[in-house]
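Protein sequences, first through last, are from chains Y and Z.
With the numbering used here, the residue at position 36 of the first sequence is 36, and numbering never jumps.
With the numbering used here, the residue at position 74 of the second sequence is 1074, and numbering never jumps.
There could be a bad hint or two in this list.
To be verified - Simulated coverage check for chain Z against chain Y, where a stretch passes if three residues somewhere in it have a Cβ under 8 Å from a Cβ of chain Y: (1) 1052-1062; (2) 1077-1087; (3) 1093-1104; (4) 1165-1174.
Calculated from the structure, these hints are not laboratory results.
Glycine residues also receive a C-beta, built at the ideal position from the N, C-alpha and C atoms.
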Amino acid sequence: MDAAVTTGPAREVAQLEAADAAAQAARAVGGVVRLQPGIKGLLRQFGAQAWQRATGRDVPDVAGVEVDLSSSDQVRAEVRIVVGVDHLATEVGRKVHEAVVAALEAATGRPAAVQIRIVEFDLEPRYS
Amino acid sequence: MEMNPDDTVTALHPLPCGRTVEDVWDELESGELSAHRADCPHCRTAQAGLEQLTEATQLLIDDPVEVPSGLLDRIMTAVRADLNLGRTIPLPTEPAEVEVSVHALAAVLRYAVDGTTGVRARQCRIELSEPGSVKVWMSVALEFGAGQVGALDEARQRVALALRGQIGLELDTLDFEVVDVWTRP
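Modelling step: build the complete structure from the supplied sequences, incorporating the hints.
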């Protein structure tokens, strides 16, 4: 059992690193317009921005990604995405799933159980 | 679209002990400590959460930096994302677990129907009939004299095409209900 990441700030950091890996992997998939946080994720993003201004250190943008490292034998994650209608949603979802699972397993060394949720379709997508 | 009364934002948030989060909030605001709250683990958990929220809010209020641009937009988008997740439909991507918000799906289907001359989509209900295919019910308004039946056939094809080509689902059944007729001014 990996005791170092089960409690306290160490877990927060591990969680953020894993979420960052997942977010980058998801954003790299064609057809993903953006990752979309809910209210909880948005508040956390504001908190991160405040911390960034106060400390001058960068916090990765992980809004739209929830990572749960509380179980020592696997990592669970939920990724909320907005998909452009010019792509087939099942394909985008499958690729994001694959990319996020691979990124999380590489980042944590544990098997990943990942859920992808398409929260919105962009009817006139512009990819950044 | 009809709303489930349980979904309204005015609904209280009950705790397992029979009280509500709102009761705890009222008590915290008034500064009184009831005997119940002193002992109840549910109320104390709610209290801890509310205190964290108050603290976080205060930190944000005290933060002297200007409000980020597009703040309202970002908040509303986040609220919509939460609401959109009310009901979801699983996509046929086994073993990968991918779901799509029914609200988001309905928006795509309404958009597809609106592309038909003489037809305007109103409400849209979608249910999974079997894995990978859906039943759709949609109310529409038709333009008077626009060759309605032909227009609805085209709209039906557009829905089937959007489901197959943009989402990856098959259309099982589609019921249109004509709820209004308009004439061109």
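inquiry  = Let me make sure I understand: some of the numbered hints might not hold for this structure. Which ones are they, in numerical order?
reply    = none
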